[in-house]
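Colleague: My numbering puts the first residue of the sequence shown at 46, with every later residue one more than the last.
Hints listed in this document are in silico derivations from the structure and should not be mistaken for laboratory results.
Being a predicted model, the structure only gives us computed values, none of them experimental.
Don't take each hint at face value.
Said to hold, decoys possible - Taking CB as the label site, the calculated pair distances span:
no. : residue 1 : residue 2 : range
1   : 316       : 525       : 41 to 49 angstroms
2   : 227       : 297       : 41 to 49 angstroms
3   : 131       : 228       : 38 to 46 angstroms
4   : 207       : 426       : 32 to 40 angstroms
5   : 443       : 288       : 37 to 45 angstroms
6   : 171       : 338       : 12 to 20 angstroms
7   : 207       : 167       : 51 to 59 angstroms
8   : 319       : 135       : 50 to 58 angstroms
9   : 334       : 508       : 30 to 38 angstroms
10  : 168       : 209       : 49 to 57 angstroms
11  : 270       : 222       : 31 to 39 angstroms
12  : 450       : 281       : 18 to 26 angstroms
To be verified - The calculated EDC-like cross-link candidates involving lysine to aspartate or glutamate, where the alpha carbons are at most 16 angstroms apart (straight line), are:
no. : residue 1 : residue 2
13  : 380       : 118
14  : 48        : 480
15  : 544       : 118
16  : 49        : 537
17  : 51        : 537
18  : 230       : 420
19  : 377       : 125
Think of the CB as a built atom: it goes at the ideal place given N, C-alpha and C, for glycine as much as any other residue.
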Amino acid sequence: MKKKMKIDHIIFWPPLLFISIICGLIIKNPDKANEISNAALAWTTDKLGWSFEWYVIILFLIAMYFIFGKYKDKRFGDGEPEFKTSTWLGMIFTSTSSAALLYWATIEWYYYMQAPPFGAEPFSTEAAQWASAYGMYHWGLIPSAMYVVIGTAIGYNFFVKKRNVVKPSSVCGLLGKQKDGFTGKVIDILYIIGMVAGVGTSLGLGTPLVAELISKIFGIPHTLSMDGWILIAWIALFTTSIYFGLQKGIKILSDIRVYLAFGVIIFVAVFGPTSFILNGFTDALGTMLQNITRMTFYTDPYGKSGFPQGWTIFYWAWFLNCVVTYSIYLVKISKGRTVREFSLGVLGAIVLGEMVFFGVFTNYGMFAHYEGLVDIGTIMETAGPAAAIVGIYNTLPLAKIVLPVFLVYAFISTATFINGVAYTLAMVTTKEITEDDEPSRVNRIAWSLLLGVLAISLLMLGGLKPLQTASVLGGLPMMIVCIIIPLSFFKEVQKTGWKNSKKTKNDDEKRAG
């Protein structure tokens, strides 16, 4: 008999009601909501922005310790790795390919050229150099350390301590008995709020991109109503998959997304301006490596350009919102790996994935700008960034074929994204659930509906700032959660140790070599 899953009402209702009220207030008075949103973003990034930077810096140093320190040879579970190394790295690599990544890889550079860091003149050569490098920095090595540290802590709990890691409170041993009590519930609620905020940002980026692609291909005007119908289509697809047992279909769509990602990257790199792309990537990599320390500690308290607050801190907060969920996935595919293998694999594969995306799409966008193939500035002012992205894609060879491919990729990416997030939220808000259990249909659908309402609420506010605000404000509680998790790990591992797992063939081969 199938186990009936009961909703944990203490965890389920507070974030659901809180976010619903926020959405209702936005819909009722968008102008006032925008005013409050902008003020909240400005205050938070100005007064607390430094904390996000220091947090990520410390996590990066801890990640280096995991690679070279005393835990480097400790293993996640007994026996051989579940996946071949090439397959495992590929799974990590492809997990980075989302609609939001495609969005920013194509247009992020223009924002930086328009308002560059370090006092550079807008649209100057110096601005272009910073613009080509900053995207790779924001999506690359430094933030990837979050997944290494949080992932190692979760992996220790899951594989060594054999704990159920469905809920983040389960890996917060620092709280003692309270991790299973009221404080643990608060941790889970903060996690849900942060995750929903980060997802709202992702949907607020992906939805207009899909709408603009539909508008360009079919000649239908892009309106807020179209955004709403697209969100409804995603939710309907998700709901149908639940009620008719089509989750395998969702998995197939996810696999298709991976092939499409590789396909569009190869197409643009080969049939686009290959030399310009490779030269631009090489130059950007050099700029980033030369200035990575300055970029990491940049707060601009004197010039007050707002660049690090509007971008670096926004990204660190956004990634924080999803780091626990993403780390759980990375850990579960890393059975049999050592801490060093896990750390190097995650850092290497994620950085490679982001570099490929930004190396190809950023430099193609800059090529289109410099060659005058599309007036990006005018489109940005009159129709917004999503329209500018589609304008860039429309300059590619065989655009009439390429644009539908981009549309399918963006639609599938976001559909599978909503599916995964709603499932995770439903798992967290279910009583006595294990990794092998399925949360109730009602629970999953409730979260998918809320995600859709939040996305349309943020889109009603218009512009980028509301999306940044959602991530930054959601990132604050998530930073608390993500401070407790590694502290709990270090406290417990020093007290009880990390028992050596069974020796594998790989260990024998290393000794023989």
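Colleague: Does each hint fit the structure? Answer for all of them.
Modeller: Each hint, compared with the structure:
1. 316 / 525: 41 to 49 angstroms: holds, 47 angstroms
2. 227 / 297: 41 to 49 angstroms: Holds: the Cβ-Cβ distance is about 42 angstroms, inside 41 to 49 angstroms.
3. 131 / 228: 38 to 46 angstroms: holds, 43 angstroms
4. 207 / 426: 32 to 40 angstroms: Because 57 angstroms falls outside the window, the suggested range is violated.
5. 443 / 288: 37 to 45 angstroms: With a Cβ separation near 39 angstroms, residue 443 and residue 288 satisfy 37 to 45 angstroms, so the hint holds.
6. 171 / 338: 12 to 20 angstroms: holds, 18 angstroms
7. 207 / 167: 51 to 59 angstroms: Check passed, 56 angstroms falls within 51 to 59 angstroms.
8. 319 / 135: 50 to 58 angstroms: About 24 angstroms separates the Cβ atoms of residue 319 and residue 135, which means 50 to 58 angstroms is violated.
9. 334 / 508: 30 to 38 angstroms: holds, 33 angstroms
10. 168 / 209: 49 to 57 angstroms: holds, 53 angstroms
11. 270 / 222: 31 to 39 angstroms: Hint violated: Cβ distance 51 angstroms, outside 31 to 39 angstroms.
12. 450 / 281: 18 to 26 angstroms: holds, 23 angstroms
13. 380 / 118: holds, 14 angstroms
14. 48 / 480: holds, 13 angstroms
15. 544 / 118: It holds: about 11 angstroms lies between the C-alpha atoms, which stays within 16 angstroms.
16. 49 / 537: Roughly 34 angstroms between the alpha carbons, so the hint for residue 49 and residue 537 is violated.
17. 51 / 537: violated, 31 angstroms
18. 230 / 420: violated, 51 angstroms
19. 377 / 125: At roughly 14 angstroms apart (the allowed maximum being 16 angstroms), residue 125 and residue 377 satisfy the hint.
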